[in-house]
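J.: Read off the chains here:
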Amino acid sequence: MRLSDIMANAGLSIYAEVALVLFLVAFLIIVWWVFRRANTARWKSAAQMPLDDVHPQQPRTRKD
Amino acid sequence: MTGSGAADVGTVPAGVVMEEFSYDDAIVRKFLFATVLWGVVGMLVGLLIALQLANPIFNFGISFLSFGRLRPLHTNAVVFAFAGNAFFTGCYYSTQRLTKARMFSDLLSRIHFWGWQLIIVSAAVTLPLGFTQAKEYAELEWPIDIMIAVIWVIFAINFIGTLVKRRERHLYVALWFYLASIITVAILHIFNNLSIPAGPFKSYSIYAGVQDAFMQWWYGHNAVAFFLTTPFLGLMYYFLPKAAEGPVYSYRLSILHFWSLVFLYIWAGPHHLHYTALPEWASTVGMLFSVMLWAPSWGGMVNGLLTLRGGWQKVVDDPILKFFVVGITAYGMSTFEGPLLSIKSVNALAHYTDWIIAHVHTGALGWNGFMTFGMIYWLLPRLFQTPLYSKKLAGIHFWIGTFGILLYVVSIYSAGVTQGLMWRAFDETGRLSYPDFVETVVKLLPMYWMRVVGGSLYITGVFLLTYNLLMTWRARPARYDVPVIRAPGLSRSYVPTPQPKPAGEGFFGWVSAMRYHREWERMPIFFTVLVVIAVVVASLFEILPTFLIRSNVPTIASVKPYTPLELYGRDIYIREGCFNCHSQMIRPFRYETERYGEYSKPGESVYDHPFLWGSRRIGPDLAREGGKYPNLWHVRHFADPREVTPRSIMPSYALFATTPIPWQVIPKRVDVMAMLGVPYGDAINHAEAMAKAQAAEVAADIEKSGGPAGLQDKEIVAIVAYIQRLGRDIKAGAATTAPVASASAPTAGGVH
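Which chain is which? The protein sequence lines are A and B, in order. Heads up: the first sequence runs through residues 1027 to 1090, numbered per our numbering. Heads up: the second sequence runs through residues 82 to 833, numbered per our numbering.
Since the hints were derived computationally from the structure, they do not count as laboratory data. Worth double-checking, as some hints may not be accurate.
What the hints assert, rightly or not - Within a straight-line C-alpha distance of at most 25 angstroms, the following computed BS3-like cross-link-like pairs (lysine-lysine) qualify:
#1 A:Lys-1070 <-> B:Lys-395
#2 B:Lys-795 <-> B:Lys-283
#3 B:Lys-395 <-> B:Lys-473
#4 A:Lys-1070 <-> B:Lys-246
#5 B:Lys-323 <-> B:Lys-111
#6 B:Lys-524 <-> B:Lys-323
#7 B:Lys-472 <-> B:Lys-323
#8 A:Lys-1070 <-> B:Lys-323
#9 B:Lys-773 <-> B:Lys-749
To be verified - Facing chain B, a subset of chain A residues (Cβ under 7 angstroms, in silico):
#10 Ala-1045
#11 Ile-1056
#12 Trp-1058
#13 Ala-1072
#14 Ala-1073
#15 Gln-1074
#16 Met-1075
#17 Pro-1076
#18 Pro-1082
#19 Gln-1084
#20 Pro-1085
#21 Arg-1086
What the hints assert, rightly or not - Restraint-style ranges between C-beta atoms, simulated for each label pair:
#22 A:Tyr-1041 <-> B:Asp-721: 44 to 52 angstroms
#23 B:Pro-564 <-> A:Val-1057: 34 to 42 angstroms
#24 A:Leu-1054 <-> B:Lys-524: 44 to 52 angstroms
#25 B:Pro-564 <-> A:Leu-1050: 42 to 50 angstroms
#26 B:Phe-670 <-> A:Val-1047: 57 to 65 angstroms
#27 B:Leu-275 <-> A:Val-1057: 30 to 38 angstroms
#28 B:Lys-524 <-> A:Ile-1055: 47 to 55 angstroms
#29 A:Val-1044 <-> B:Val-397: 47 to 55 angstroms
#30 B:Gly-511 <-> A:Leu-1054: 47 to 55 angstroms
Because the structure is a prediction, the values reported are computed rather than measured. The beta-carbon is built from N, C-alpha and C at its ideal position, and this holds for glycine as well.
So that you can see chain A by itself, here it is in the shape it has in the complex:
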């Protein structure tokens, strides 16, 4: 019995479809998150990042 015979008879193909659905769901969540109104301000601030070489848009420090 070769490994390829075992794999061929293991019925693994369903997992490809499971992965496809999971990836689709992950993508839809990303789309939803990107277009959330609550995030508008974040994207606006992030889009400014290349324009200022000196000042961090959101410094990693606020308080210590």
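Chain A is already provided as a structure; the job is to place chain B on it using the hints.
T.: Just chain B now, with coordinates in the frame of chain A:
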């Protein structure tokens, strides 16, 4: 450009420690010089091989200058040396500024720079010498592959280290593109190059035939995706807002652009293997994902062009923006065309023709070239702290380059469509209209000359850039001003502004607050893991079935391993890069089977480490070449192709008849093949004697037919033996085996 002197953050909360640092621009200058240098070299080699196709005299009869050896040098030089260094230039410049941090380690930056240049020099030496793995864009032999892996990991450590110590919370989308590129290229490089050495610069791929082809084009397509597309998209999302002096049109769209490419690109590779012996389900999956790529690619292009909204008057005056506009348009054109070419019926016409070459050059000359030039002109005054020497010359560069691209692609698109149509033309009696392959090549020569003109114009533009660079560099200050930046130091605690709404109760509240995603994006390591999952899972589901499910590659009982002499002949075929012009894969179309013979089966290449299916037919397919002509014909053809095929553009290989076979290497090569599972049996103990006996037979036949005597220890007998073997096994087995089921039916039993 950073302002000179120290600069502060506007309001700093009490108790925060300010840190001082500076950006490392010396490394950016180094990479910029390397980009231009290798750009000139790579494009000059491109011009030379364009001349060789227009007239074979430009092969000069010198083995290390022949088309088959220089074509990989051209592709490697422009992809990994020119575009690679361009990516590093922009990456080192923008990463520091987007993270408000100096690179993680100056030493690692320098090792990365010098290591990469050493790799390029090694490639420039070994490829003309004929050391090649025969896999497109992965030709470099195993010692250089190891060097690439090491240097790439050093680059990754340096890059990720910078992200870890950054002073900016959010990772700007350009950094996502860089990170995904770095991770994916590492995975692709390692898995496609797995091989067993058979000498210091000789190795055999651990995969064979269908699996090797699948790995190669999974790699090959993603080399385009993750070396030429995503890194340059990162550059676009940084340098375009810089040059346009305004933010990207839609940051939201850029995030969707990123994730869609990561989810989709990795699947697209099999569209390079339509109608080959690859299982049909795989090629269909590749096509579907390629078609889906239309949406994010055009989303990205539109996002780029709309960034210039309200600023188009600037484009009129600014050569930098002109380069970016044409560059992004070329991205749009080639990513429109890519999915189109992945559709099987379109691919049937375009595959193996110059159409693909034109497609690639729209992307390479337009997108990669022009984005690089725009970026360089933007960087020059900032890196050398003096105004650009001549804006007018930059403008001339733009126009001359654009005209060069147009001449190049229009002529080569015409060549591709012309040849594709000629191959499939039948006359009214049902016979091939152009049965003589060379007719379909001669027809292209005027277009090849036009390509030479277009390419020359493009290179002239690059010379202008080089001059502009050198003159700007000469006017640099005696000492570069290194601005000191002041920014708040790092801290683990963080209170985002504006404050997010409090999360609701329960699981739904946790999901909708999306706090976890904010955590993820701040963690480069975890973000890396997500990208790796997306890439690896997709790759596994697509590629593994061909390894693990036997019905995907039906074996054929009559297909036997190459004899030791044929194996050495095959190595000569690989060394000379014959696969750059000759395919060994007949597609199941009447116009192919009429011309070349029975279509190719997956079981025929099970001993082909590496596979040699090829991707372009500048000469005819050779999958069934064995037995078509007598040995003497091949001897004369190699000595001077035009003696037997008057208008052939093949280089001559007269040296085969005088170069001795190094018999001592043959046993080692047979051993390695046996190690890879090729059933050589007892032959591994007598490889050299078997090779000598077969060589004597071939030499005797040549002499008997009136050819030269004394060839029994010369390379010519090995390569002739190999060519004469091609495609014969299946004929030998025809009487004893049942017909093999369709090459494109994965579940069909075939012959075991």
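J.: A separate judgement is required for each hint: does it hold in the structure or not?
T.: Cross-check of the supplied hints:
no. : hint                                         : verdict
1   : A:Lys-1070 <-> B:Lys-395                     : 23 angstroms, holds
2   : B:Lys-795 <-> B:Lys-283                      : 20 angstroms, holds
3   : B:Lys-395 <-> B:Lys-473                      : 15 angstroms, holds
4   : A:Lys-1070 <-> B:Lys-246                     : 24 angstroms, holds
5   : B:Lys-323 <-> B:Lys-111                      : 21 angstroms, holds
6   : B:Lys-524 <-> B:Lys-323                      : 47 angstroms, violated
7   : B:Lys-472 <-> B:Lys-323                      : 18 angstroms, holds
8   : A:Lys-1070 <-> B:Lys-323                     : 16 angstroms, holds
9   : B:Lys-773 <-> B:Lys-749                      : 15 angstroms, holds
10  : Ala-1045                                     : 6 angstroms, holds
11  : Ile-1056                                     : 5 angstroms, holds
12  : Trp-1058                                     : 9 angstroms, violated
13  : Ala-1072                                     : 5 angstroms, holds
14  : Ala-1073                                     : 4 angstroms, holds
15  : Gln-1074                                     : 6 angstroms, holds
16  : Met-1075                                     : 4 angstroms, holds
17  : Pro-1076                                     : 5 angstroms, holds
18  : Pro-1082                                     : 4 angstroms, holds
19  : Gln-1084                                     : 4 angstroms, holds
20  : Pro-1085                                     : 4 angstroms, holds
21  : Arg-1086                                     : 5 angstroms, holds
22  : A:Tyr-1041 <-> B:Asp-721: 44 to 52 angstroms : 57 angstroms, violated
23  : B:Pro-564 <-> A:Val-1057: 34 to 42 angstroms : 40 angstroms, holds
24  : A:Leu-1054 <-> B:Lys-524: 44 to 52 angstroms : 51 angstroms, holds
25  : B:Pro-564 <-> A:Leu-1050: 42 to 50 angstroms : 47 angstroms, holds
26  : B:Phe-670 <-> A:Val-1047: 57 to 65 angstroms : 36 angstroms, violated
27  : B:Leu-275 <-> A:Val-1057: 30 to 38 angstroms : 37 angstroms, holds
28  : B:Lys-524 <-> A:Ile-1055: 47 to 55 angstroms : 54 angstroms, holds
29  : A:Val-1044 <-> B:Val-397: 47 to 55 angstroms : 54 angstroms, holds
30  : B:Gly-511 <-> A:Leu-1054: 47 to 55 angstroms : 53 angstroms, holds
The structure fails hints 6, 12, 22 and 26 (numbered hints given earlier, in ascending order).
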